[in-house]
Amino acid sequence: MELTQPHSHNPASEIARQKRAEVVGGGHSFGSMTDKIAAIVLTSKTPIGWFAGFGLAFTLMALGLGSIGALLFLGTGVWGVNVPVGWGFAIINFVWWIGIGHAGTLISAILLLLRQQWRMSISRFAEAMTLFAVACALLFPILHTGRPWLAAYWLLPYPNTMALMPQFRSPLLWDVFAVSTYGTVSLLFWYVGLIPDFGNLRDKAKGFARYIYGFLSLGWRGSAIHWHRYETASLLLAGLATPLVLSVHTVVSFDFSVSVIPGWHATIFPPYFVAGAIYSGFAMVLTIAIPLRKFYGLEDFITMRHLQNMAKVMLATGLIVAYGYAMEAFYGWYSANQYERYMIWNRMTGPYWWAYAALIFCNGLMPQTLWFKKLRSNVSFLFFMSIIVNIGMWLERFVIVVTSLHRDFLPSSWGMYVPTVFDWALFVGTIGLFSTLLFLFIRFLPMIAIFEMRTILPATKEPSPEGTAVQS
Amino acid sequence: MKHPTYGLMAEFDSPHDLVEAAHKAYAAGYRKLDAYSPFPIHGLSEAIGFGEKEDKVPLAVLLGGIAGLSAGLGLQYWASAIYYPLNVGGRPFASWPSFVPVTFELTILLAAFGAVLGMIIMNGFPQPYHPVFNVDRFALASTSQFFLCIESEDPLFEPDRTGEFLKSLQPREVNEVAH
Chain S
1 MELTQPHSHN PASEIARQKR AEVVGGGHSF GSMTDKIAAI VLTSKTPIGW FAGFGLAFTL
61 MALGLGSIGA LLFLGTGVWG VNVPVGWGFA IINFVWWIGI GHAGTLISAI LLLLRQQWRM
121 SISRFAEAMT LFAVACALLF PILHTGRPWL AAYWLLPYPN TMALMPQFRS PLLWDVFAVS
181 TYGTVSLLFW YVGLIPDFGN LRDKAKGFAR YIYGFLSLGW RGSAIHWHRY ETASLLLAGL
241 ATPLVLSVHT VVSFDFSVSV IPGWHATIFP PYFVAGAIYS GFAMVLTIAI PLRKFYGLED
301 FITMRHLQNM AKVMLATGLI VAYGYAMEAF YGWYSANQYE RYMIWNRMTG PYWWAYAALI
361 FCNGLMPQTL WFKKLRSNVS FLFFMSIIVN IGMWLERFVI VVTSLHRDFL PSSWGMYVPT
421 VFDWALFVGT IGLFSTLLFL FIRFLPMIAI FEMRTILPAT KEPSPEGTAV QS
Chain R
1 MKHPTYGLMA EFDSPHDLVE AAHKAYAAGY RKLDAYSPFP IHGLSEAIGF GEKEDKVPLA
61 VLLGGIAGLS AGLGLQYWAS AIYYPLNVGG RPFASWPSFV PVTFELTILL AAFGAVLGMI
121 IMNGFPQPYH PVFNVDRFAL ASTSQFFLCI ESEDPLFEPD RTGEFLKSLQ PREVNEVAH
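Line by line, the protein sequences are chains S and R. Numbering-wise (the working numbering), the first sequence opens with residue 1 and increments by one. Numbering-wise (the working numbering), the second sequence opens with residue 1 and increments by one.
Among the hints, erroneous ones may be present.
[What the hints assert, rightly or not] Computed footprint of chain R on chain S; a stretch qualifies when at least three of its residues, placed anywhere within it, have a C-beta under 8 angstroms from a C-beta of chain R:
(1) 28-34
(2) 240-251
[What the hints assert, rightly or not] To be clear about the criterion: a stretch of chain R counts as covered by chain S if any three or more of its residues have a C-beta under 8 angstroms from a C-beta of chain S, and this derived list gives those stretches:
(3) 27-41
(4) 110-118
(5) 161-171
Hints are computed from structural coordinates only; laboratory data are not their basis. We put the CB at the ideal spot given by N, CA and C, even for glycine.
Full structure from sequences and hints, please.
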């Protein structure tokens with residue numbers, strides 16, 4: 001990216017070029033790379049598989065809409081939540097989706113600050129994934145209010161008819177601010193990243209699409225002065241998004257840890273939640289990236305190096321999560337508090353033992369396979385692992401929420417939590433919503449940040465007379 | 001006096017040629033000029049005289065951050081201590097530690113808006129029409145080609161002499177930019 005020394009051919013840049021070769025393969029020029037990525041949106045015939053996938057996703061989303069309809073018509077009684085487990089699927093799925101979103105911001109913000117060039121080809125769709133995951137997550141607390149049309153009174157700082165404001169000392173209100181800020185900043189970051197590519201698509205598109213992309217590009221023309229302000233804004237946004245992403249899951253964990261419920265009231269929650277969020281987020285990026293690169297032939301841009309790096313991040317954060325589980329058990333015993341001790345014992349051997357066992361299998365044992373390079377470089381295995389991790393992280397939230405609540409202080413108020421068909425339909429529906437949005441994104445927006453990819457092409461470093469070869 | 005053209009535009013094949021040309025044009029005394037590239041090139045804006053000092057986006061971010069901080073803290077203090085003080089177990093009304101998360105989030109939110117709106121407004125967006133789009137080959141400026149435009153508003157601008165100067169930089173071609 002630095003171009004202070006034109007025509008430099010020193011050994012250092014030679015080594016840097018070899019390193020880049022792993023991040024972008026196939027000997028692409030500016031034009032051929034642009035054509036390859038932009039063609040998916042502009043010229044290629046939409047593959048039949050896209051329609052099949054979109055149809056399936058849309059069907060699942062419709063199932064979720066049906067569940068929402070039943071909820072609004074009949075009330076929250078259609079869900080399995082009751083005393084003593086009052087939070088159930090709504091909070092489990094909320095935390096799961098928010099966590100998935102974290103990888104997108106991590107890739108686009110933290111790895112940008114760390115100047116990790118490999119992030120460039122996966123940042124765009126990882127950010128899209130963040131936005132869609134936050135959209136899915138937001139549905140749950142809003143629907144859990146039962147009357148979402150009144151939610152503004154309860155969630156936003158707007159006084160009700162008795163002039164009362166929301167409780168500013170409650171983590172639930174902090175959550176409203178954290179998640180809405182997170183969603184907004186992610187959207188801004190994503191849109192800013194798209195502006196130059198919209199300009200590019202405007203110049204390449206024909207017909208009506210030209211106007212749409214032209215409108216969205218705001219009239220971008222690639223001026224050096226504009227690029228300067230653009231780069232400053234991106235860098236500062238990355239600097240702002242980095243503490244933001246760490247704060248969001250910290251605040252989400254406060255929903256639990258600020259309470260006095262055994263199993264929730266633990267200081268390890270914030271770091272352990274943040275690590276878990278990144279862990280599940282990278283798993284979801286792999287779940288999406290592996291089929292994408294296969295179906296759209298993007299192996300040159302999403303290379304094995306990307307997949308292996310993501311597997312390493314999953315291994316590292318997976319170990320932090322496993323440490324969190326060990327510490328939870330240790331605290332339970334070391335607290336010498338009978339309720340804490342009973343909670344952890346009940347979690348391991350009580351009626352929900354199977355969930356805890358599956359959780360340890362998915363998040364404690366299975367990630368250890370990623371120590372082996374042979375398995376890290378096996379694409380099918382990585383895809384399988386990413387699914388395992390997604391399931392494991394969902395189970396983690398299930399275990400934390402349900403096993404902590406279902407047997408609390410008084411045995412007379414113990415109970416069991418069983419999700420109903422409406423709970424499952426809504427959960428599956430959000431997966432449908434997420435996939436629907438993702439399919440639309442792949443079809444209408446460039447899924448790889450084209451302009452950023454140009455900065456890491458070898459042609460950027462060398463003078464190459466390719467103007468004649470590149471015609472749009 | 002308004003020139004009949006917006007300026008003269010030279011096209012280059014590589015980022016290196018563009019940076020060199022920009023340096024030479026600035027050294028030759030041209031000040032009303034702009035360079036166009038399909039990706040950010042470090043040092044290019046400095047070459048045409050736009051450095052860190054001219055960039056006011058960081059200021060917009062700072063102002064946004066200060067606004068968010070004051071709004072967050074102010075809202076919670078006002079609501080909890082002035083507008084509707086509620087005695088909960090004798091705890092202080094202005095319990096600032098529990099105001100930290102919301103204050104923090106609002107600081108980030110408005111600072112981010114400062115960055116994005118600052119960049120968009122200072123760049124003069126949205127601006128659907130600009131004379132440079134009148135050059136046919138400029139459609140490649142977003143893909144693979146590099147352009148340097150010396151504008152007719154520059155005091156040194158003179159169609160023939162500036163054209164000769166641009167040709168001396170060995171561009172791919174030089175085009176006149178219509179208004």
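Practice item. Would you check chain S against the stretch 27-41 of chain R, counting CB to CB pairs closer than 8 angstroms, and say if three or more residues qualify? Key: With 8 residues closer than 8 angstroms to chain S, the stretch 27-41 of chain R meets the three-residue bar; holds.
Review point. According to a criterion of three or more residues whose C-beta lies within less than 8 angstroms of a C-beta of chain S, is the stretch 161-171 of chain R covered?
Key: Answer violated; 0 residues pass the 8 angstroms Cβ test.
**Study point:** Claimed coverage, the stretch 110-118 of chain R by chain S - three or more beta carbons nearer than 8 angstroms
**Key:** It holds: at least three residues are needed, and the stretch 110-118 of chain R offers 6 whose Cβ sits within less than 8 angstroms of chain S.
Check your understanding: Do three or more residues from the stretch 28-34 of chain S put their C-beta atoms closer than 8 angstroms to C-beta atoms of chain R?
Key -> With 4 residues close enough to chain R, the hint holds.
Check your understanding: Do at least three Cβ atoms from the stretch 240-251 of chain S come closer than 8 angstroms to Cβ atoms of chain R?
Key -> holds (count 6)
Hint 5 from the earlier list is the only one contradicted by this structure; the remaining hints agree with it.
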